[in-house]
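For the protein sequence lines, the chains are A and B, in the order given. So this note's numbering is basically just the index in the first sequence, starting at one, shifted up by 22. So this note's numbering is basically just the index in the second sequence, starting at one, shifted up by 78.
Heads up, a few of these hints could be off.
Short derived list, chain B residues pointing at chain A, Cβ under 8 angstroms [as the list claims (entries may be wrong)]:
#1 V94
#2 G96
#3 L127
#4 Q143
#5 G144
#6 K176
Calculated from the structure, these hints are not laboratory results. These numbers come from a predicted model, not from an experiment. All residues carry an ideal CB built from backbone N, CA and C; glycine is no exception.
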Amino acid sequence: MCGYGNQNILSLYLDHNYTEFLGTTPTYTESELVMMLKGRDNQSFSYLYNNYSAALYTIVQQIIPDQELANDVLQEVFINIWRKIESYDQSKGRLFTWMLNIARNASIDFLRSKAYQNSKKNQQFPETQELDIARHSTQLNTDNIGLKKILLKLKAESRVLIDLAYFKGYTHEEIAEIEEIPLGTVKTRIRTALIQLREHLK
Amino acid sequence: MNIKEYISSGIVESYVLGLADATEKAEFESMCIAHDEVRIARNEFEILLEQLAFSNLNKPPEELQGRIFAEIETEISKSSSRVIPFSKNINTEEQADKAVKYLRMMRLAVAASLILFIASAILNLYFFNRSKNYLALYNNLVASQQQMAASNKVLEARLQIFQNDLAILKDPQLTIVKLPGTNVPTSPARNSLATVYWNQGNKEVYLLVNNMPQPAPGKQYQLWALVDGKPVDAGVFDTGTESSFVKMKNIPNAQAFAITLENTGGSSSPTMEQMYVLGNVKT
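With the rest of the complex left out, here is chain A:
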């Protein structure tokens, strides 16, 4: 009995090494993954990258369409995840939601940074044509995927507000100024748009 039990443990151990040897990554539950990430486990971070980088990259690209710049931002996103994983609180939401918000915030921070604003200005000048060409060649159209695709189903009025709030990162006050509508109206319209958004998601 005793020998049999030990053999079982041994075979489990071998199985684990075997799968590693083959290079197939095991699947973790979200809680397991979070625990391993918080334990600074390198393998769990590889797993995280393999499973989530594409989804996060798409989110970044919806805000920063330029591929080179989106690459930089995605790098920033993963470094932020690595740095901040300690502060992730599972009771406040799913891991993906947390990473999604890191990705969105990093993208918007970049979007609103002086460096990005300057590069956009530079685009208009002929002397930076070299950069400009590189950018044009790698520009991706992300308007017809993900949340942006759902947005297309909303009324134009609602779509503009969500675009400004979610994809451009403007505050409600800033939107009220841009759109020249009262702050209260901005808030109600965004709420209404979000409710419609969920309906379309279903």
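With the hints as your guide, set chain B onto chain A.
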């Protein structure tokens, strides 16, 4: 607002998408803790969003993974290289800490001993003063005790006298003879009064001066017993003596007693003009 209305107000989407402001966020988080329905609604929307994100995937370029992992490697080595000097700092800080602690302890010890010294000095002074007070009190006590002992002796003496007087008075053989000045028409002081206590058993005679003038210098009162019409000397006495009764000479027999003023030492026969008081023995 009930929970269903709250859930369908758009707050769930606003929170998950990161569009809620700080107040809304805090409120939503506490609602999630308080109400399972809110948490379930949040989770549902999160899953919807996650499914949407995974429905269209743009893979990042292959080389990006290497770049990101290299960056994280330097991040790790930076943080671990930061650890070494930091731990050194901790060591020196620890030593400094120890020195500071030691100094603090020494300071505390000095302060404590100073406080003890001052306290003991104060206590010494206090007890010294108290002992001084006690010594004064003790001396007072001794003095008053001596005073009391002295007055006790006086009282004892007086009590002895009174006891003797009482013994005289208690004797059933005693005869009291009042000698008023009114009995003598020629008395120089008719308001004078004396009393003779005569014990007819043992023949002793005691005299009490109730009221008699102070005799002139060189003069002395003399008591006479009248036995069958003849005066018999019963002794001289001074007024103002402390003793209440003055013991006179024994008289075996008498019908009356009288007092005259004579030259000091007394006379063999009374000076009739100087008779002050007289009293008959009642039979």
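Each hint tested on the structure:
Given the 8 angstroms rule on beta carbons, the hint for B:V94 holds: about 6 angstroms separates it from the nearest Cβ of chain A. Against a cut-off of 8 angstroms between C-beta atoms, the interface hint on B:G96 holds, since the closest Cβ of chain A lies about 5 angstroms away. The interface hint given for B:L127 is met, as the beta carbon of that residue sits about 7 angstroms from the closest beta carbon of chain A, less than 8 angstroms. Taken as an interface hint, B:Q143 checks out: its beta carbon lies about 6 angstroms from the nearest beta carbon of chain A, inside 8 angstroms.
Interface hint status for B:G144: violated, as the beta-carbon distance to the closest one in chain A is roughly 11 angstroms, over 8 angstroms. Among the interface hints, the one on B:K176 is violated; its C-beta lies about 32 angstroms from the nearest C-beta in chain A, farther than the 8 angstroms criterion.
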